[in-house]
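Generate coordinates for the entire structure from the input sequences, incorporating the hints supplied.
Converting from the sequence shown to our numbering requires adding 1121 to each position, the first position being numbered 1.
Hints listed in this document are in silico derivations from the structure and should not be mistaken for laboratory results.
Since the structure is predicted, the reported quantities are computational estimates derived from the model, not experimental observations.
All C-beta atoms in this analysis are idealised placements derived from N, C-alpha and C, irrespective of residue type, glycine included.
This list has only true hints and no planted wrong ones.
Think about it this way: if two alpha-carbon atoms lie no more than 25 Å apart in a straight line, the pair counts; the simulated SDA-like pairs of lysine to any residue are:
no., residue 1, residue 2
1, K1147, W1131
2, K1158, P1127
3, K1168, F1156
4, K1149, D1129
5, K1149, E1162
6, K1158, A1140
7, K1158, I1169
8, K1141, P1128
9, K1168, P1128
10, K1141, E1161
11, K1147, L1130
12, K1149, I1169
13, K1149, S1174
14, K1147, D1135
15, K1141, V1157
16, K1168, Y1137
17, K1147, D1129
Label pairs and their calculated CB-CB ranges:
no., residue 1, residue 2, range
18, D1142, F1175, 16 to 22 Å
19, P1127, E1167, 17 to 23 Å
20, E1124, K1147, 30 to 36 Å
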Amino acid sequence: MGEVPPPDLWQMIDAYTAAKDAGLRKVKLGNFHLFVKTREEYETVEKIVGEESF
1122 MGEVPPPDLW
1132 QMIDAYTAAK
1142 DAGLRKVKLG
1152 NFHLFVKTRE
1162 EYETVEKIVG
1172 EESF
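Structure representation (structure tokens):
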């Protein structure tokens, strides 16, 4: 797995929305340090997925 890069911000947001669109209800995002690098990115995630998904 060392050769597989971590997901970027938009890949994680896309995966989150795809899971929600598929009908999953308790979707959480974890390991923020892998895909959120700045305060601005954190705020973007918070706006799109909501704080309850952290």
